[in-house]
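> Guided by the hints, dock chain B onto chain A, whose structure is given.
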Amino acid sequence: MAIVIQPYRPEHEPAVAEFNQRLRQAGEDENMVFYRWAEPRWLPRRAESRIYNEFFVAVDDGIVRGGYALKTQEFFFPDGQTRSIAYYHHPLSEGIVNKAHAMVGTLLLRDAMQRVPLLYCLGMGGYDRPLPRMLVRLGWAHSLVPFFFRIVNPSRFLRNMQTLRSSPSQKFLLDIAAYSGAGWAGSKLFQSYRALVAPRSAAADGCEVTSFEADAEGLQSLWEQARQTCSFTAVRDAEALHILYSPALKHLTRLVVRRRGSAIGWAVVGERRKDAKYGNLRVGSVVDCFALSGELFPVVRCATQTLERQGFDLILSNQSHHAWGEAFKAAGYMPGPSNFLFAASKKLAELLAPFEAARPRMHLTRADGDGLPGNF
Amino acid sequence: MTASTFEQVRNIASDIFGIPAGKITAESSPETIENWDSMQHLNLVLAIEEKFGVQLEPEDVEQMKSIGAVAALVEKLQSAAH
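If you read the sequences in order, they're chains A and B.
Last residue of the first sequence? That's 1566 in this note's numbering, and every number before it is there in order.
Last residue of the second sequence? That's 75 in this note's numbering, and every number before it is there in order.
Think of the hints as simulated: they come from the structure by calculation, not from any bench.
Restricting the straight-line Cα-Cα distance to at most 20 Å, the calculated cross-link-like pairs of lysine to aspartate or glutamate (EDC-like) are: (1) A:K1537 x B:E50; (2) A:K1289 x B:D53; (3) A:K1289 x B:D30; (4) B:K58 x A:D1250; (5) A:K1536 x B:E50; (6) A:K1289 x B:E20; (7) A:K1289 x B:E55; (8) A:K1289 x B:E24; (9) B:K69 x B:E0; (10) A:K1536 x B:E42; (11) B:K58 x B:E24; (12) A:K1536 x A:D1269; (13) A:K1289 x B:E27; (14) A:K1536 x B:E43; (15) A:K1537 x B:E42.
Pair ranges (Cβ atoms, derived): (16) A:E1238 x B:T(-5): 53 to 63 Å; (17) A:R1236 x B:A(-4): 50 to 60 Å; (18) A:N1288 x B:N4: 19 to 29 Å; (19) A:G1315 x B:K69: 34 to 44 Å; (20) B:E24 x A:A1207: 19 to 29 Å; (21) B:S72 x A:S1436: 53 to 63 Å; (22) A:G1315 x B:K58: 22 to 32 Å; (23) A:R1236 x B:A14: 49 to 59 Å; (24) B:N4 x A:P1204: 38 to 48 Å; (25) B:K16 x A:D1269: 47 to 57 Å.
The beta carbon of each residue, even a glycine, is placed where N, CA and C say it ideally should be.
Extracted from the complex, chain A is given alone in its bound form (with noise of 0.2 Å):
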């Protein structure tokens, strides 16, 4: 029987159960299994969707040996134009642990490519991983999403960051500098000079802070005044937004940024995942914003003091634009190696063509990604 790629459907979750079940035993990663249901639990597909979700699943004679999913959402392009794309994540193939099904990831990439040719990726781990090194071969454009980070607390950054401490003097020379306050200090004195050079035309003094629900009509205004600033954006209108950001997730904090009454810009915050290199650090993540130009540097100050009053001991965030990348960079922030890359089919890169012209006014963020609550 030839591996058929279809729509996973709820009679398919047992042969899903079974496939994951293989993976755990050949000592995958427990997170590397498909979904366990058919139906997405985050932004299903209804009738009346704009955004949404669907997983498929390459079946062989009953057997489930990979599956992918993709995001379809409305995109801004550089003509001015709206239009229908997919993110293609979480693909997965049973060639990982079999190699004698090694065709199963290309068969997934080149189904999903079929299906909907403007396609993109995002995150993904970094260049050395199989799936960006496909998309590399494929002939996709790509680019790295800048990282930026901001220490809140020092001294348990200098204690905690296990990527840093990865050997015995590393680790005695950061207790030293947590614990004599030389990490705090120096932090301090980064950020002090960051906040002499910000754009004191952009002060955030004088902006108040209010939610989503109590400024829908701003987010709305908002969005048409300041999507002519992105060369790419997905859709952030105020129904986009209440899609992706319901009030519902009530581990996200929606906030919009107001000044004289009128909103100047929105951003969405929140708790990242826990990870193993953060040790015990809680680690915060803005997650999305968007704001009028010239108004990008409060919206990030807000943002990042709605954070710092939450109590994280670190923020991070991925920024694609480039005045989005200096106004956290004026906030405070500095830039951190990134392993967060954004890769467009080559049907998709036409339309952003030239893609290294269009690339740095293209606004994307961790909330382009998969969505799931932790991966923000």
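Frame of chain A; chain B shown alone:
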């Protein structure tokens, strides 16, 4: 499958998998070639498309389970095109 097609496919596989052509037989598969993983499978697909000027559909990719099967597939696609 003709000897000529098999030889060409075997030379492509030799380049991609980094093993001498003489060690590749029609029965060679992902289970017998250590480097034949998902990435190299994609490289094989792209190299076959480029070398023979064919477009492989998902059902074709799925048939590429051995070097002999790849050569047979190439011949089938070439004869269908003529």
